[in-house]
Each structure stands twice: as C-alpha cells, then as structure tokens.
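Could you put the whole structure together from the sequences, leaning on the hints where they help?
Just so you know, the protein sequences line up as chains W and C, in that order.
So that you can map any letter, position 124 of the first sequence is 124 in this note's numbering, and since no number is skipped, the others follow by simple counting.
So that you can map any letter, position 57 of the second sequence is 57 in this note's numbering, and since no number is skipped, the others follow by simple counting.
Please keep in mind that the hints were generated in silico from the structure rather than gathered at the bench.
No false leads were slipped in.
Below 25 Å or equal to it, Euclidean Cα-Cα: the simulated SDA-like pairs (lysine to any residue) are: (1) W:K68 with C:T84; (2) C:K170 with C:D275; (3) W:K276 with W:Q176; (4) W:K68 with C:Y115; (5) W:K68 with C:Y147; (6) W:K68 with W:V89; (7) W:K68 with C:A146; (8) C:K199 with W:D161; (9) W:K68 with C:R194; (10) W:K84 with C:Y115; (11) W:K68 with C:D189; (12) W:K84 with W:S32.
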Amino acid sequence: MSHPGRIVAGVLSPHPPHLIYASNPEQNEPRSSQAGAWNGLLDGYEKLRAELASVDYDVLIVHTPHWKTHTGHHFLGVPHFEGKSVDPVFPNLFRYNFRLDVDVELSEAIHDEAEAAGLSTRMMRNPEFRVDYGTITSCHLVHPALNKPVVAISSARTAFDYSNAAGDQEMLALGQATRRAIAATGRRALCLASNSLSHRHFTEEPEDPEDPAFEHAYNANQTAWDRHILALMRAGESRRIFDEMPDYTEQCVAETKDGCLSWLLAAMDFPTMAAKLHGYGTVIGTGNAVVSWNLDAAREEVGV
Amino acid sequence: MNGEVIGGYLMPYQPLPVLAPEANPGWASLAKSAEAIRAEIEASGADLLLLFSTRWVSIIGHQMQADPNPEWWVVDEDFHEFGTLHYSLRMDPELATCYRDTARARGLHARTVAYHGFPLDIGTITTLRLINPDNRIPASVVSCNAYSDRAETLVLGKAAADAVRKTGRKAIAIGVTALSDRMFSRWIDPGEDRIHSQKDDEWNRKLLELLDDGRLEDVSQLAREFSRQANGDSRMKAIWWLAATMGQHNNYAGTVFDYQPVWGTGAAMVGLQPDERDAGDLEYDEDDAEFFHGDRNVLATQANE
Ligand SMILES: [Fe+2]
Chain W
1 MSHPGRIVAG VLSPHPPHLI YASNPEQNEP RSSQAGAWNG LLDGYEKLRA
51 ELASVDYDVL IVHTPHWKTH TGHHFLGVPH FEGKSVDPVF PNLFRYNFRL
101 DVDVELSEAI HDEAEAAGLS TRMMRNPEFR VDYGTITSCH LVHPALNKPV
151 VAISSARTAF DYSNAAGDQE MLALGQATRR AIAATGRRAL CLASNSLSHR
201 HFTEEPEDPE DPAFEHAYNA NQTAWDRHIL ALMRAGESRR IFDEMPDYTE
251 QCVAETKDGC LSWLLAAMDF PTMAAKLHGY GTVIGTGNAV VSWNLDAARE
301 EVGV
Chain C
1 MNGEVIGGYL MPYQPLPVLA PEANPGWASL AKSAEAIRAE IEASGADLLL
51 LFSTRWVSII GHQMQADPNP EWWVVDEDFH EFGTLHYSLR MDPELATCYR
101 DTARARGLHA RTVAYHGFPL DIGTITTLRL INPDNRIPAS VVSCNAYSDR
151 AETLVLGKAA ADAVRKTGRK AIAIGVTALS DRMFSRWIDP GEDRIHSQKD
201 DEWNRKLLEL LDDGRLEDVS QLAREFSRQA NGDSRMKAIW WLAATMGQHN
251 NYAGTVFDYQ PVWGTGAAMV GLQPDERDAG DLEYDEDDAE FFHGDRNVLA
301 TQANE
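Below, the structure written as structure tokens:
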C-alpha cells in the first residue's frame, strides 16, 4: 500500500444504546431480555465486524452527536479515560463501565489543521471529563475489544444555532482537515460517523424495551427518506448526498443535523465507490443503518 | 394534605457564574444575586425546591429524579477548562414518585430514575449550588422532553402542582432556563461577554419588564413569539411549566434580581411571589390542556386507518 497515512475505511455506525443493551456485554449493568427488536441492526454490526477483520487500522476517529459543543469543534486531549457512562435519556438501558485510550497526537493534529482552516476549535484537557455515550457505543459496536486508541470529535452546534447548510459547510472543512491530519501523521484510520438517520423517536417505551411487537418506524416519511439516502450510498453518489443533506436533515428530522455523516463524506473526499449496507432497522422509531466504505479494498482493486 | 406552591423563580442554566465568577463581573454578579434568592427562600419556610431544567433533555416522556442522594461530578461539554463541578445533592424521592403518578393520571408518560452515576444536568447542579449549597431543603427535578410542546408542558406543570398538594409540601417552583439562548460559537475573552445581539437583549428586557410586573401568564402566552425572535431556550418550556405549576395567572409580585450575559445568552434571575393585587386584563391566545392525549403523529395515524 503506497499511502501510509490514509483513511482505510469509513463507517456509518449509529449509536443507539439499545444495541449495547441488547447484546448484554459485561461492561453494561442492565440485562436485556433479548426479545429481538433490534436483531436486524445487530446482525448488520456483526457483518460489519466480519468485514473489518481483514482491514488494518491504528486508530478509530469518531464524530459524535452526544458531545454537543456550542463553541466550535472540540477534541479529546487526555491520553486515557475510564469511568461509568450513564445515558441521561435511556438510563434504564445504558450504564456502561468504559476504558478508552486516546491518540492525543492525532487529535491535536486534526485540531491544528481545523484551526488553520478557520474553524473554531478547542482541545479538551480535563481528565475528569465524562466521554459521551455516542463515542463509547459506536466504538464498542464496531470494535468490541476497544484495544485501539480513539479520537473523538464533538458535534459543533452550527446547524442548530444557524442553519443546516451552514453546519454542513463547517463539516466539509472539518472533514478535509481530518483527512490532511491523517495523511500528515501517517495513521491508518477507521473513521466513524456515529449518527442515526431519521431521528424522530417515539416518546413512550413498552414494558420490555426490546419488545419486537412495539418496534417500527415513526412514520412513512422517515422510511422513504432513509431509503432514498441509502440508495444514493449504494450508488456511490456521496457528493449528491452531501448536496441534499440540508433538506434531508430538515424533512426527515435526521440526526445528520449533528454533522457526523457530512464530516465522514468530506473526510473520505466523497467516494464514488458503492457503499456496503450491512443492516437497516429502527430503534424506538428512528432509522439506523450500518454502512461501510471499504476504501482500502477499493484501492487494492484498482492497484493503487 | 394540602401542600402549595408558595413562590417561584427563574434561574439561568450556565455554569460559569459558579465555575469562574472572577472572569467576568456579570458572572460574579449572578453568583452574588443568587445569595439574595437563597436568603428569601430560606425565610419562606419552603420544604421543597421543585425544578424543571431545560438542560435535562428526555425522549421517553418525563423523568423525575428519585435518587435520594445523587453524587457524581460534571465537566461542562463546552467549558471543560473552567474545571469540574462535584455534587452531592439531597432529593425528595417521595415527591418524585407522587409526581410520576400525578403525571400519569393526566395521560403523560412518566417515570422515576435513580441510578448510580446518573449524569445530573448542569443547570440543576448550578442552580442548587447557588441557592441551596448546604442541601438544607430537599429538591426534585423533572426533565424537559425534546418533543413536548406547550399543551404537554402545561399538563406536566399541573401534575407538579397536583403532587405538591398531595404530598403536603410547601414548594418553591424553579424554572432553570436561559432567556435568549444564542451562545457565541467562537471562544471569547470572558471579559468581553455581552448579549449575542441587540435584538436578543431587547426581547429579554421586554420579558423581564413583564416579569417584574408579576405577569407570568402574559409571559407564558408570549413565549412562542419570544422563542422565534430571540431563540428562546428550548422554546421557553420552562416558562410554560412554571406558569402552569403556579396557577396560570398574573397575580404575582415580581422581582428581577439580575440580568447578565453569559457567553452571549440572556441569564436572568427572577422571583415571583403570589400577590392579591389584580394585574389587569389577561389575553388568552394560547391553548390550554388538562390532559395529554399523546403525540400528534398524524401521518402514522392516517396510515393505520
Ligand atoms: Fe443520538
């Protein structure tokens, strides 16, 4: 492979804590019934992990909707975190004891590139900071061993404070900065966009949260939009997804508002390869897809 | 038992007045003003601080904190370099449980939460640190549902009043909220903090003028317009909740204890005491509701018919 520093693959890896809950890992306190409401997504993650087993990478870079920063883009800048993460929204499902190593050098490199590009940025140096559950969940589901370092990037609130389009333009610059920093530091990076797709939740939960009889899309609008975006992914039309993103976010109440997917597409420089859809399913009404762009495999195919 | 809500306050959610009062005279002023509120509450004989915090966002209905002694620490997502807030709080689980039941009786989806390590929100922690630092008075806090609109929030407020009556508490209701909620999206020198725009500032002052007159229901009626104009915090659900909890009228004596910018947002501390005097004509343009009938998911409803 002639590019030492590169994104080896990009992944849309949504973070409903329900998926951790449903798999009953030892790190999580609550126990699920495994009644099966989210099996489609769990299978999707399993297929993703099988694919990634043959991909070499040094670091996971995750852009997370659940570290919400109004003062620009923030980056974890402490080498090691451990503690207990309790989801404030679904505390009945997610109380997870985590340990996480951070690639601070890469984190700083992305920060510096982003700052040089004119973005508002901040390094997070407080060792008592509680790493958000989006980061933890996506990393766990993609790489349960969690024995590789992580870079976590916060979700700047530009789309919320100004407009979806303004938010996406910042994610474009942030993605490009991420790409440059990865190349400069020689890392083989796996990039994770941690968002769901359609994101209107039901506001009630059944007695057994995992009851499959309860789980379905919030309404048909949400599903139609998600299918449209997934079709574009599989057709390799990532530039068009980016162009349609502000409308999609608005009309589908999509979690893409938090910028993760826009950042990922920009970091991968808008790949034209067909993305692989590993699974799609709803979680408490929201649409979630596990999708990969195996850039290394594509490079191998064309002999780069 | 016949408990009652004996007064109410609005408190800002931003932690900077606690974390770094020395960095800005306005932030220091807020911390100082909170001392007067604290004294007033102590003199009132209240035995419950009943909070609604816009910083505790929920998806599944409404959550009531029922851990008698939540202990942990919080590092603000933005202001991590200003340090860590450690907390050990005294909550009123009996009230929380009753509140859950009164909310359910009004059709709301509600549940109590009590989990070791649960991340209490920054607004609750900051407010209780400022006005109840020694845990003299037990507190209770309810979440702010991301999807709830005015009607649902009013019902939640009425359920709070039901719970206060049933448990016989003498309660102070507290809405933890910013007024205009536009933060500077860049890092600023704390010394140069100001309200994000003149328009936000003018709207904040208009609202405070009404609150100073004790016209809480008028402000509740105005909340939608204020949110549109000044990016009101969480569509000003805290105002809707407070007005409903306190009885939906204008007969209060209002006191604006302070109003300062915190990172561009409008941070106000306001007190409202029930008052006999008639504050004049009411204009009720907004909806009211006693019972919640569920999400208005029209598209799905039609599909199922
Ligand atoms: Fe999320």
